[in-house]
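Undergrad: Chain by chain, the residues run as shown.
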Amino acid sequence: MGKEKISSTCMRCLEIEDFLENLGPHDYDQEDTSPQTEEYNCIAYAIVGVTKKPWWPSARWKNDYEWPSHLPREEYLKETLDNFIQAFETKGYRVCSNGKLKKGIEKVAIYTIAGVPKHAARQLETGVWVSKCGDYEDIKHYTLPPTEGKNYGKVTTFLHRRRDGKPFLKDRILSIINKLRRKFLR
Amino acid sequence: MLGTGRIPLEANPRKHPFRKEVTSCDDWITAHAESASADWLTKQLSPNELAEKYIILLETHHTHTHLHVQHSVLQSPSIETAKTKDLEKLEKEFAERADRWEKESSIHSSPGEKFIHRDYLRIIGKGEQVVPLIIKRQESSNKDWLFALENIIPEDENPAKGIESFKDAVEAWISWGKKKYQALA
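From first to last, the protein sequence lines stand for chains R and E. Quick note on numbering: the first sequence equals residues 1 to 186 in our numbering. Quick note on numbering: the second sequence equals residues 1 to 185 in our numbering.
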């Protein structure tokens with residue numbers, strides 16, 4: 001459903017092309033898309049990859065939406081960017097200035113409309129971005145602009161983390177300072 | 001103000017449009033069933049509004065017959081046909097809007113964005129008459145139709161109040177719906 005077979009390996013995601021008005025058939029890799037699923041969403045896919053639960057700070061169906069327990073659940077359409085940034089920070093991400101490809105670094109782009117988060121995409125080692133498009137497929141798109149538009153808004157925030165899972169130098173220094181502070185304040 | 005010769009409007013008895021025509025309830029029904037039926041179809045009046053509109057006109061002459069008239073008007077063959085046509089129209093519109101909503105809102109991860117879709121809002125706007133259709137749809141759909149039900153049914157009647165899992169809430173609403181609208185059972 002929603003896919004048109006072009007050759008033995010090519011599949012177009014027609015619904016996604018319909019709803020993302022700037023996305024053309026050549027803006028994403030038609031040979032490498034997932035099946036449609038509601039099990040996870042774009043935020044879950046950006047933070048942890050394929051998973052069994054969507055991530056959203058939803059106050060309804062708290063058992064069905066994953067969200068860090070120390071962060072607030074928010075009203076629909078009043079979700080805050082800060083809450084999303086803090087959720088990504090729990091997985092080692094830190095805010096950065098751009099989405100340029102950097103060796104050993106994994107980046108995430110958050111899309112907003114009027115400051116309210118709507119979507120997220122994650123950068124692969126090749127520089128290609130991956131997006132889970134709502135309940136539809138996840139696609140590999142070569143750049144970010146084709147996925148921007150009336151549904152997802154514009155990319156306003158980038159975050160990054162080391163691909164090897166280690167913390168950034170700045171975080172390590174801060175951690176040492178905090179340890180020393182605790183030791184001398186006793 | 002004396003001597004101006006003015007008679008206040010409210011002092012004049014109001015002329016009743018049907019006063020001369022109506023001689024019995026049956027005459028009245030024969031004379032006005034067509035117009036009542038047209039009102040049903042074009043203005044989409046509810047049974048109560050329809051009965052009220054026509055019964056108030058009649059009450060001035062037949063104060064003790066209004067229950068009989070209400071029953072007769074609403075059960076008359078032309079009204080029954082109109083009711084069926086109206087229901088079919090509603091079901092068709094609901095199915096079209098529901099299909100479109102499920103398809104178009106699926107591009108969003110944000111639940112709020114899904115719910116502000118024009119078709120979803122239109123369905124909520126139709127009120128309690130669409131509740132059986134929503135419940136029937138929810139039985140075979142994994143999309144969140146419960147937000148619409150929560151916004152139509154008064155909060156104190158919400159059978160899924162306090163439930164934090166969508167699957168459990170769906171079960172609660174379906175079982176509530178089957179009790180309330182026995183046709184669904």
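Source of the hints: derived by calculation from the structure; they are not laboratory data. Note that the structure is predicted; figures quoted are calculated from it, not measured. Do not rely on the hints blindly, as some may be mistaken.
As the list claims (entries may be wrong) - To give a feel for the contact side, a few chain E residues facing chain R, derived at Cβ under 7 Å:
hint, residue
1, 109
2, 110
3, 162
4, 170
5, 181
Unchecked claim - Some residues of chain E that are not near chain R, with every Cβ distance over 12 Å (derived):
hint, residue
6, 103
7, 128
8, 142
9, 159
Unchecked claim - Which bits of chain R does chain E cover? Going by a derived footprint, with three or more residues having C-beta under 8 Å, they are:
hint, region
10, 11-25
11, 54-62
12, 100-112
13, 138-151
Cβ atoms here follow ideal geometry from the backbone N, Cα and C, with glycine treated the same way.
Undergrad: Please go over all the hints and tell whether each is borne out by the structure.
TA: Each hint tested on the structure:
no. : hint    : verdict
1   : 109     : holds (4 Å)
2   : 110     : holds (5 Å)
3   : 162     : violated (11 Å)
4   : 170     : violated (10 Å)
5   : 181     : violated (24 Å)
6   : 103     : violated (7 Å)
7   : 128     : holds (22 Å)
8   : 142     : violated (6 Å)
9   : 159     : holds (15 Å)
10  : 11-25   : holds (count 4)
11  : 54-62   : holds (count 6)
12  : 100-112 : violated (count 0)
13  : 138-151 : violated (count 1)
Hints 3, 4, 5, 6, 8, 12, 13 from the list above are not met by this structure, while the remaining hints are.
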